[in-house]
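Here are the chains, one letter per residue:
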Amino acid sequence: MSTGVEETPDVEREAELEELLGDRVLARETHLNAPGVVVNPGDVQDVLFTLRDEAGYDHCSCVTAQQYEDRYETIYHLKKFADPTDEVSVVVPTPLDAPVSQSAEPVYRTADWHEREAYDLVGIQYDDHPDLRRILLPETWQGHPLSGDYDQDKPQVVTLSEHANPLLPDHRDSEGDTMFLNVGPHHPATHGVLHVKTVLDGETVVDAEPDIGYLHRCEEQMCQQGTYRHQIMPYPDRWDYVSSGLLNEWAYARAIEDLADVEVPEYAQVIRTMGAELCRIASHMLALGTFALDVYGEFTATFMYTFRDREIIQDILEDLTGQRMMFNYFRVGGVAWDLPEPREEFFAQTRDFLDELPAKVDEYNDLITTNEIFQLRCVDTGVLEPDVAKQYGCTGPVARGSGVDYDLRRDDPYGYYPELEWDVVTEGGCDNYSRVLVRMQEVEESAKIVEQCLDILESWPEDERDIQANVPRTLKPDADTEVYRAVEAAKGELGIYMRSDGTDKPARFKIRSPCFSNLQALGEMTEGEYIPDLVASLGSLDIVLGEVDR
Amino acid sequence: MSNDDPRQSIEGSTAPSTATQDARMGAGVDDRFNSKLREAFGASPFILTKFDEFMNWVRGNSMFMLQFGIACCSIEMIHTYAIKHDIDRYGAGVPRASPRQADVMIVPGTIVSKFGPRMKRVYDQMPEPKFVVGMGSCTISGGPFQEGYNVVKGAEEIIPVDIHVPGCPPRPEALIYGVLKLQERIQNGESSPVVVKPYELERFGDLERDELVQKLADEIDEDDLVMRYNWADSP
Ligand code: SF4
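Protein chains in written order, with the numbering used here: chain A, 1 to 550; chain B, 1 to 235.
Each hint should be verified, as a subset may be incorrect.
Stated by the list, open to error - Some but not every residue of chain A turned toward chain B, in silico, with C-beta under 8 Å: (1) Gly56; (2) Asp58; (3) Pro138; (4) Val157; (5) His186; (6) Pro188; (7) Val193; (8) Lys197; (9) Tyr241; (10) Val242; (11) Ala301; (12) Phe307; (13) Asn328; (14) Leu354; (15) Leu357; (16) Val361.
Said to hold, decoys possible - No more than 30 Å apart at the CA atoms, straight line, and that leaves these computed lysine-lysine pairs for DSSO-like: (17) Lys197(B) - Lys154(A); (18) Lys197(B) - Lys120(B); (19) Lys154(A) - Lys120(B); (20) Lys84(B) - Lys154(A); (21) Lys215(B) - Lys197(A); (22) Lys120(B) - Lys215(B); (23) Lys154(A) - Lys448(A).
Hints listed in this document are in silico derivations from the structure and should not be mistaken for laboratory results.
Treat the numbers as computed from the prediction; the structure is a model and nothing was measured.
Glycine included, every Cβ here is placed at the ideal spot set by N, Cα and C.
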């Protein structure tokens with residue numbers, strides 16, 4: 001278990017935990033971000049209930065599973081929606097020969113999928129889990145790829161039969177209206193390779209169960225094979241690949257900078273902030289365009305307009321980073337290079353875009369949000385109540401569209417955000433319409449941020465433009481240091497858990513993807529609604545399968 | 001007859017060319033071809049070609065793409081369809097949602113084990129003749145994820161590919177270039193090269209009875225279609 005970290009989280013909180021949990025705590029750990037308590041596999045629910053109901057840890061942000069030489073371990077990263085800096089990690093070790101622990105699903109709904117993933121990739125079993133099946137890999141897969149003794153060269157057999165109709169014959173009589181419908185994995189409305197198993201009663205959705213894993217590209221394994229310094233950074237671009245590259249890179253950058261104790265120069269932080277917000281605009285534009293496509297089915301106006309604007313942003317980002325989508329621009333301790341020369345041109349180009357943006361936003365409002373047909377489709381459909389959203393660990397525009405005021409840029413500040421003037425957007429409608437509104441307004445807020453960054457960059461003294469801290473060529477953080485750090489990506493809280501083992505590669509690299517948690521709520525949002533609303537809800541969740549499956 | 005001879009004499013005609021013209025414009029039907037076709041078309045010009053070549057030309061200039069998004073590359077693919085790059089300029093801009101209406105499949109992204117059989121299925125559903133453009137390094141070799149336990153090392157392990165567009169992701173311009181190259185090939189009547197395809201959809205009952213198959217025998221029905229991945233043999 002990890003100890004020996006200089007940054008001790010505040011003593012008061014530890015004492016509180018001690019009092020609350022008493023002798024259920026077997027041992028203490030210190031993670032860089034939070035105190036950790038080690039508990040018995042049999043006490044999981046008990047401890048988590050206490051923490052949730054009495055201490056207010058209502059957000060189960062992530063569940064990490066990993067295997068050590070001598071044991072398996074599950075870590076529940078808990079937070080508070082009201083204050084995400086107040087964190088605690090619940091560590092549950094299980095023996096190698098019997099990796100069974102209690103499921104957290106009754107406490108946090110979101111643990112359902114997270115534990116299935118842990119079972120799938122690492123091989124830990126959860127008692128009491130409602131449905132412990134593989135989630136990312138095919139049902140017939142042999143072995144657990146992130147466990148110790150997995151042999152990657154063994155052959156595997158994958159079936160095509162998962163799309164068989166699971167309805168029992170007694171539900172299939174000729175009079176009944178029950179019908180099973182496979183949406184995807186190749187379907188225009190699923191935004192990639194997602195499969196939704198839908199049971200319909202007439203036109204009403206009785207049950208919608210997303211089936212994921214069609215784009216599981218072993219991102220965690222790839223990162224575990226790469227060195228901290230340079231080899232990991234290209235991968236984040238490919239998690240949420242809708243031009244949100246810089247936002248994702250920041251998640252890794254933030255985690256490694258905490259782990260290796262690197263201080264980033266302020267100038268670099270301003271550039272990062274600007275780049276990240278440009279990415280957010282591009283990403284929300286795509287969400288908007290494809291949502292209009294899903295809801296109207298029109299390929300001509302809104303969709304093309306949003307792509308017109310994305311092209312402009314991609315040009316700007318290309319000037320800045322050298323690539324249109326896969327930027328690989330952040331470095332540990334800063335960014336790769338300064339703004340492109342001539343700087344004036346870059347500033348002028350970016351400002352032009354920002355100047356034109358308000359008129360464009362008006363245009364979108366005319367086309368979409370004030371359109372009656374659009375409103376009919378979206379208002380009061382796909383309702384996600386705030387409590388449900390929290391239970392499912394929803395974050396980002398999805399949570400903010402349900403009135404959950406949670407934005408890590410403000411609540412767990414990083415980068416240059418605290419220095420700037422901007423607002424967190426929330427809407428209380430909890431429906432598809434609110435989520436669209438949130439994204440549209442966030443575009444405007446991001447534009448504000450970019451504008452301020454431009455002002456700051458323009459007036460920055462020429463001889464103080466430090467773009468990178470001094471970081472050693474090989475990074476070898478102390479052995480057994482653990483950290484979980486999250487940033488506000490385009491889709492919500494994107495977190496990275498890393499454990500170092502003293503080498504230049506992470507021993508465990510776990511990605512907490514916002515889309516993964518958001519998508520889990522789909523069933524809840526669509527049950528009892530019409531099938532077209534399922535498509536609209538899916539669109540308004542704005543998932544990216546690269547990030548869901550990783 | 002040497003090549004220096006005037007053209008008229010090569011043709012074996014003594015009449016000046018204007019005479020032919022006059023004949024065509026004036027005194028009724030030109031009988032140079034002395035054919036039924038000429039009679040039918042009268043004075044309008046026409047070209048003779050082989051039906052196959054004509055079809056290839058048509059095919060090349062009007063391709064229906066399959067609307068098929070897999071991973072990151074599909075975003076650049078959408079940009080290629082959308083405003084600015086607008087691949088419709090080349091007669092290839094109408095993505096069809098159903099494979100049964102499509103001639104060309106752009107494979108834009110990483111193929112993983114769970115998706116392999118589905119992609120094969122989608123490909124099989126397309127009517128002949130069909131063409132495939134592999135977009136991005138992932139469809140060439142698995143790209144950045146080549147070492148992944150779950151990643152198919154290139155689209156050619158499953159379906160034949162006509163054109164590979166390298167890049168991660170390729171720029172829209174590169175994809176357009178690839179599509180134009182494909183048009184060229186189609187117009188010249190060149191179809192997919194035959195390649196090694198290690199992974200095929202098979203009936204589970206037809207698989208060789210090795211250790212793995214024995215183990216799965218209770219789980220999988222004899223008649224189910226499966227794909228068997230031999231990771232050790234792929235590059
Ligand atoms: S080639 Fe690169 S951009 Fe394209 S799908 Fe693969 S990883 Fe993504």
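The hints, checked one at a time:
Taking 8 Å as the C-beta cut-off, the interface hint given for Gly56(A) is violated, the closest approach to chain B being about 39 Å. For Asp58(A), the interface hint is violated, the least distance from its beta-carbon to any beta-carbon of chain B being 34 Å, above 8 Å. Satisfaction of the interface hint for Pro138(A) is found here, the shortest Cβ-Cβ separation to chain B being roughly 5 Å, below the 8 Å cut-off. A hinted interface residue such as Val157(A) counts as satisfied when its beta carbon comes closer than 8 Å to some beta carbon of chain B; here the least separation is about 5 Å, so the hint holds.
With 8 Å as the threshold, the beta carbon of His186(A) comes within range of chain B, its nearest partner Cβ sitting at about 5 Å, so the hint holds. Evaluation of the Pro188(A) hint against chain B yields a held restraint, the C-beta minimum of about 5 Å falling below 8 Å. Evaluation of the Val193(A) hint against chain B yields a held restraint, the C-beta minimum of about 6 Å falling below 8 Å. A hinted interface residue such as Lys197(A) counts as satisfied when its beta carbon comes closer than 8 Å to some beta carbon of chain B; here the least separation is about 14 Å, so the hint is violated.
Because the smallest distance between the Cβ of Tyr241(A) and any Cβ of chain B comes to about 4 Å, under 8 Å, the interface hint for this residue holds. The interface hint given for Val242(A) holds, since its Cβ lies 6 Å from the closest Cβ of chain B, which is under the 8 Å cut-off. Among the interface hints, the one on Ala301(A) is violated; its C-beta lies about 11 Å from the nearest C-beta in chain B, farther than the 8 Å criterion. Hint status for Phe307(A): holds, given a least beta-carbon distance of 4 Å to chain B, under 8 Å.
The interface hint given for Asn328(A) is broken, as the beta carbon of that residue sits about 10 Å from the closest beta carbon of chain B, more than 8 Å. Proximity of Leu354(A) to chain B is violated relative to the hint, the smallest CB-CB distance being about 20 Å (cut-off 8 Å). At a threshold of 8 Å, the smallest CB-CB gap from Leu357(A) to chain B is about 17 Å, leaving the interface hint violated. Given the 8 Å rule on beta carbons, the hint for Val361(A) is violated: about 18 Å separates it from the nearest Cβ of chain B.
With a CA separation close to 19 Å, the supplied pair Lys197(B) and Lys154(A) stays within the 30 Å bound. At roughly 11 Å between alpha-carbon atoms, Lys197(B) and Lys120(B) fall within 30 Å of each other, so this suggested pair holds. A threshold of 30 Å between alpha carbons decides the hint, and for Lys154(A) with Lys120(B) the separation of about 22 Å falls inside it, so the pair holds. In summary, the hint linking Lys84(B) to Lys154(A) is not supported, as the alpha carbons are separated by about 46 Å, beyond the 30 Å threshold.
Only pairs whose Cα atoms come within 30 Å are accepted, and Lys215(B) paired with Lys197(A) is accepted, the gap being roughly 28 Å. With a C-alpha separation of about 25 Å, the suggested pair Lys120(B) and Lys215(B) falls inside the 30 Å cut-off, and the hint holds. Between Lys154(A) and Lys448(A), the direct Cα distance comes to roughly 53 Å. Violation of the 30 Å bound is thereby established for this hinted pair.
In this structure, the hints that do not hold are numbers 1, 2, 8, 11, 13, 14, 15, 16, 20, 23, in rising order.
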